[in-house]
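J.: Residue numbers (the working numbering), protein chains in the order written: chain A, 778 to 1162; chain B, 778 to 1162; chain C, 778 to 1162.
Hints in this document: simulated from the structure, not taken from any laboratory.
It is possible that some hints are incorrect.
If several chains are the same, the list does not tell them apart, and a pair holds so long as it fits within one copy or across any two.
[Claimed, not checked] Quick list of in silico lysine to aspartate or glutamate cross-link-like pairs, EDC-like style, CA-CA up to 20 Å:
| no. | residue 1 | residue 2 |
| --- | --- | --- |
| 1 | Lys950 | Asp962 |
| 2 | Lys1060 | Glu807 |
| 3 | Lys859 | Asp930 |
| 4 | Lys989 | Asp847 |
| 5 | Lys859 | Asp1015 |
| 6 | Lys1087 | Glu1032 |
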Amino acid sequence: MAAAEPKPPAGVAAARRLARGCWSAFWDYETPKVIVVKNRRLGVVYRSVQLLILLYFVWYVFIVQKSYQDSETGPESSVITKVKGITLSEHKVWDVEEYVKPPEGGSVFSIITRIEVTPFQSLGTCAEVRPKYEGQQRHLQLGDEDFVAGQLDMLGNGLRTGRCVPYYHGSSKTCEVTGWCPVEDGASVSQFLGKMAPNFTILVKNSIHYPKFQFSKGNIEHRKDGYLKHCTFHEVSDLYCPIFKLGYIVEQAGENFTELAHTGGVIGVIINWDCDLDLSASKCNPKYSFRRLDPKHVPASSGYNFRFAKYYKINGSTTRTLIKAYGIRIDIIVHGQAGKFSLIPTIINLATALTSIGVGSFLCDWILLTFMNKNKVYSHKKFDK
Amino acid sequence: MAAAEPKPPAGVAAARRLARGCWSAFWDYETPKVIVVKNRRLGVVYRSVQLLILLYFVWYVFIVQKSYQDSETGPESSVITKVKGITLSEHKVWDVEEYVKPPEGGSVFSIITRIEVTPFQSLGTCAEVRPKYEGQQRHLQLGDEDFVAGQLDMLGNGLRTGRCVPYYHGSSKTCEVTGWCPVEDGASVSQFLGKMAPNFTILVKNSIHYPKFQFSKGNIEHRKDGYLKHCTFHEVSDLYCPIFKLGYIVEQAGENFTELAHTGGVIGVIINWDCDLDLSASKCNPKYSFRRLDPKHVPASSGYNFRFAKYYKINGSTTRTLIKAYGIRIDIIVHGQAGKFSLIPTIINLATALTSIGVGSFLCDWILLTFMNKNKVYSHKKFDK
Amino acid sequence: MAAAEPKPPAGVAAARRLARGCWSAFWDYETPKVIVVKNRRLGVVYRSVQLLILLYFVWYVFIVQKSYQDSETGPESSVITKVKGITLSEHKVWDVEEYVKPPEGGSVFSIITRIEVTPFQSLGTCAEVRPKYEGQQRHLQLGDEDFVAGQLDMLGNGLRTGRCVPYYHGSSKTCEVTGWCPVEDGASVSQFLGKMAPNFTILVKNSIHYPKFQFSKGNIEHRKDGYLKHCTFHEVSDLYCPIFKLGYIVEQAGENFTELAHTGGVIGVIINWDCDLDLSASKCNPKYSFRRLDPKHVPASSGYNFRFAKYYKINGSTTRTLIKAYGIRIDIIVHGQAGKFSLIPTIINLATALTSIGVGSFLCDWILLTFMNKNKVYSHKKFDK
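Okay, chain A solo, but in the shape it has when bound:
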């Protein structure tokens, strides 16, 4: 602080003297005057509070939470998958090409476990299904308004012709429609492919990259021998053999395979790369977890299914086989967080720690004033010097 002159005389000389004074004062060193309170009880309280704060920072902030690290979440990730295995329905053998959709081996794919096939559909006219609402079957008495020609029911299968025709099974009648005929609900046949499905193997090649730290790693062993031909994943002994049996995945997700194979469902394979990059790269390992992702208990629209078709030309006219496929969709989800020592968070946390230890002094002042016999010890000492 500039030493204030009591009576500044006017003129250049005074200004110069002031400047010189300021300059000189700038190089002075100031330190607060302190009072030393020679009270052992107070000292113990003071140091204990400081110790607690110090412990909190050293143990929790620095060791547990690793607050001295800069961190990055959401690594760049690439996933390649490959399913192997064959299965049987009642009539035929199914190979990977048929039951895995889409075939490209990306991070999301479905393994079909049950199908409802409607073969030989072609564009023509046929009986519409009766209006069906899952959960509450409405048995409608067909009235005139149901036969209006040219009407299009958004949840139906085609354009109404205006006629009334017998239904596929039973003696009732329904509206006739123009569209892909026969309609799915009237003519489909169910086939179960899931018998051998628990033994399908799924290879999940995943490599991640943390751009901030220029760190890359993959989840696969680099071994010359035929290790990857025979191994299956095990959390401890075969962590770097990312070959999973479908049954294992479903079991780890806590689901019943047969039930899941009938209704379909989505299972997430979550790969977690939590890495402390201050340690060696070999300490940065993937952690796999498995969880069912679709809502299981929603009565309407539970499970997972989709429709696809194969188109044929027979004698010049187009025919298709419509397939409603129930399956187990596997979503490979990769996330993670990497941390590495960095100056800024370290300094911010250190400064916070030091400030907080200073808070200890503030707390002590408050304790002193409130609980201690302050008149005897404190105020006596405070003004005695």
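Please build the complex by placing chains B and C on the supplied structure of chain A, with the hints as guidance.
T.: Okay, now just chains B and C, sitting in the frame of chain A:
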């Protein structure tokens, strides 16, 4: 601070005395000596500054920004979609299997609204299209260099045979090429499927998981009755009925449906899960927004389209129907941020707040020295005790 | 601090006097008493330490690390891709529809560069391949156990009939199986499509959105002329022309094209949007990088391939052409970080800076006590007032 001994005598006794002194001094309590300036004006300024800083921290940092929370962005997310509805072109009825690509019900899918069909393509020779550059039609006088056999134009349709043949329409001639014939531009027929498309319904099942807080939630109502059969999404009354009409999505994104259906485009359905996990789970709700994602005003390559084909064998030779599909691609994008009370950010922010209130004292000193009648009040009081 | 009354008399008057005293004391201003140490050497050390800390904060924390900004990582992103070009195998011309899978133009797609075709497969019986283990061919002497009828080898091609039949080539015999026949390994023919593939062009339309800052940008030039028809990407001169040659991408990723086209592989095109939103939007530019993503040196399961089929009906029975496709999968990965000035990090960092400069004083005290001739200068001055 260790009380410094004036003249430390040599020898063990002195060292011991010093150590004892240090130890004793360690348990002393120190507090800065303060000067009390009994000036009401200065006190008001001082307390006002402190109050302002306190208000800023309590209101903005802690209440508005929730800086006492630890946060996590980018939840693990799983999306299952299902489109329902049928539509008409001039000649036929189209169902979901035909107009949704890919069919698996993932987070990105296209609803085809217009197609250009090139039927009965087979491998053979035919006339190449004339070199066409959108925006600047080049009317080339065909020269000899255009007929070089074996040449391959990367943007053309095949390998040049070296002959010159009449074009599909009109009297002009073009190069002949070997490839899938006839070529698309010469023989394709346009069909519009978008008439009923605004009434298609899209069910979006989304479940998220914040791994740091072990919190999961879905966007769908768990109700036993047939609620999900009849409802459509409404931001207030039906937030947990994620069934959207395609027309609603396009309208919310601020686009004209007919125009979009002709050129194709990409619409993002953004689901935002911003959750304060200190509150109950029922306060953590999805927020939907809709935005066009592809660049609308880029003259070249605007809109969205892709090509796929259906392959047939007719009398042993392969024929295909090439389809250039314009459509509305829906990208379901899920993001979010969750926050929950945590000690570290709370303490860092508290320490910062306390430090900043201390800064109030510093500011006051500065005001005092600069503006107040310091000689009379301050320096008088400062050194009087 | 409340001025403590030495002997508080009982009664209301005393309480009132105490309250009045407290109220009065609340508006007092307190400032620590300081000692001015007029030592030039110490002052220089003190100011230098402060200067160093100040420089660190101004330069590193505020200028380099931009700690005054609030940041957001992981923008919402949408990617549309379009591949153009035709190529030749020995027998035929291939267009985009045939070699790009899936066709929808999303952020992950494969360009097929080599195929192994198994034409005319139908459900029937044929010879199984001999058990093959890549890397270590096992020449098994077929025993009785290999012919058990009804056995299903998960890595084989069908259900064993129990018979022993001659293999496709050579004189050896293998088990007979029921399945899609003939099996792939016995009857497939290889075709190489990659000759012209380096010249394929890939258009990558990407638009991003930072929801926290309401900032959107695309990677494509908005120009009216035919610029996008002719340009190819160049990091400096054509940054906003996102049209890449496949050969350029592979070269930038440091791979050999021919080798990659034979074995298949995954190349990541990483688009990085690091934006300082305090500057103008034109300073926020995409940065492209290219990297091979699949593990290259894993002996088993290296490269990238997948299987798909085309189904035909010939004379009422189903036939398929199975295609094992090796290709270059392109993963467009978008990430980025945006920062914008925000009060909270600024204040936290400022408070940390001020605290740290205060630490300078603490350091000086320590230097003073340890190294300086403290008895002469310091303790003399400390207690002199």
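J.: Confirm or reject each hint.
T.: Quick rundown of the hints versus the structure:
no., hint, verdict
1, Lys950 - Asp962, "within (15 Å within a copy, 47 Å between copies)"
2, Lys1060 - Glu807, "neither (49 Å within a copy, 46 Å between copies)"
3, Lys859 - Asp930, "between (41 Å within a copy, 18 Å between copies)"
4, Lys989 - Asp847, "both (10 Å within a copy, 18 Å between copies)"
5, Lys859 - Asp1015, "within (18 Å within a copy, 38 Å between copies)"
6, Lys1087 - Glu1032, "neither (32 Å within a copy, 34 Å between copies)"
Comparing the model with each numbered hint stated earlier shows that hints 2 and 6 do not hold.
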